[in-house]
Amino acid sequence: MERSDFDSPDVNSPNAARMYDYFLGGAANFAVDRIAAEQALAVTPEIGRFARANRSFLGRLVAHLCDLGIDQFLDLGSGVPTVGNVHQIAHRHDPHARVAYVDVEPVAVSHARSLLDGQPHVTITQADIRSPEAVLSAPGVAGLMDFTRPVAVLAVAILHFVPDDDDPASLVASYHRACAPGSYLGMSHASPVTMTAEQVAGGREVYRSTTTPITPRSREAIMAMLTGWQLLDPGLVPLDQWRPDTTGEPVANGYGALAYLP
Numbered sequence: 470m471e472r473s474d475f476d477s478p479d480v481n482s483p484n485a486a487r488m489y490d491y492f493l494g495g496a497a498n499f500a501v502d503r504i505a506a507e508q509a510l511a512v513t514p515e516i517g518r519f520a521r522a523n524r525s526f527l528g529r530l531v532a533h534l535c536d537l538g539i540d541q542f543l544d545l546g547s548g549v550p551t552v553g554n555v556h557q558i559a560h561r562h563d564p565h566a567r568v569a570y571v572d573v574e575p576v577a578v579s580h581a582r583s584l585l586d587g588q589p590h591v592t593i594t595q596a597d598i599r600s601p602e603a604v605l606s607a608p609g610v611a612g613l614m615d616f617t618r619p620v621a622v623l624a625v626a627i628l629h630f631v632p633d634d635d636d637p638a639s640l641v642a643s644y645h646r647a648c649a650p651g652s653y654l655g656m657s658h659a660s661p662v663t664m665t666a667e668q669v670a671g672g673r674e675v676y677r678s679t680t681t682p683i684t685p686r687s688r689e690a691i692m693a694m695l696t697g698w699q700l701l702d703p704g705l706v707p708l709d710q711w712r713p714d715t716t717g718e719p720v721a722n723g724y725g726a727l728a729y730l731p
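For the sequence shown, the numbering used here assigns the number 470 to the initial residue and increments by one for each residue that follows.
Careful: at least some of the hints might be erroneous.
Claimed, not checked - Derived Cβ-Cβ restraints for the label pairs, each shown as a range:
no. : residue 1 : residue 2 : range
1   : Gln588    : Arg646    : 24 to 34 Å
2   : Gly494    : Ala532    : 20 to 30 Å
3   : Pro514    : Gly587    : 33 to 43 Å
Everything labelled a hint here was simulated from the structure, so no lab data went into it.
Since the structure is predicted, the reported quantities are computational estimates derived from the model, not experimental observations.
Glycine is no exception: its CB is placed at the ideal position from the N, C-alpha and C atoms.
Kindly generate the complete structure, drawing on both the sequences and the hints.
So this is what it looks like as structure tokens:
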């Protein structure tokens with residue numbers, strides 16, 4: 470796909486999902502997203518490293534969940550489709566694996582619908598993950614997922630876009646209550662692991678101009694969101710340290726974890 474400006478009167482502000490797509494070299498972004506992304510990179514190139522490390526983490530996470538026997542995935546805040554999506558990885562292990570994508574961003578959902586047309590066992594739902602009841606009752610989720618069986622809930626690079634006022638820990642707890650024993654939660658979250666205070670402030674300022682401001686959090690604050698889940702090895706660790714399949718990756722400013730529901 471060639472990059473275009475997707476001539477649309479509805480898009481006047483940059484959006485984190487499309488900026489993330491730009492960081493990964495994708496085409497589903499607007500000029501306004503590219504400008505904001507370059508501004509963010511000028512403040513700290515660590516933002517681009519986080520995007521790449523996070524995508525690698527997602528691939529390792531889904532492959533490991535497949536090895537654990539999971540065949541249902543609820544991907545919250547799935548973003549713009551790009552290479553290495555959840556269903557592509559899952560279907561290499563199990564062609565019958567079910568994947569329900571959920572995102573609130575119209576461009577992400579539109580591209581997903583186009584790419585997923587004719588794909589069995591995969592849906593895309595436009596919904597705000599901050600409304601768990603609406604997400605869980607949506608036809609694309611309720612009609613595909615069997616919550617009486619184990620499911621993997623993926624909250625990968627999404628909860629840092631949930632402000633403190635919306636209580637992300639309570640949000641995670643709502644999805645926890647919907648899951649059967651034997652389910653898993655895969656999470657990654659931005660955190661200023663190596664960034665200076667000035668870099669953090671500058672990055673947050675750029676994202677304040679978007680429809681999705683960012684809230685990087687400490688490891689302790691991220692850990693609080695995992696209440697009720699049993700962390701699996703290696704625990705909540707920097708993204709490049711979670712079951713790495715290569716050596717020499719740069720440290721990414723974020724943490725990742727996989728947790729189990731006993």
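To see whether the hints hold, each was checked on the structure:
A beta carbon spacing of about 29 Å between Gln588 and Arg646 agrees with the range 24 to 34 Å that was offered as a hint. Separation of Gly494 from Ala532 is about 22 Å and conforms to the stated range, judged on CB atoms against 20 to 30 Å. Taken as a hint, the range 33 to 43 Å holds for the pair Pro514 and Gly587, whose Cβ atoms sit roughly 39 Å apart.
Comparing the model with each earlier hint shows no violations; every hint is respected.
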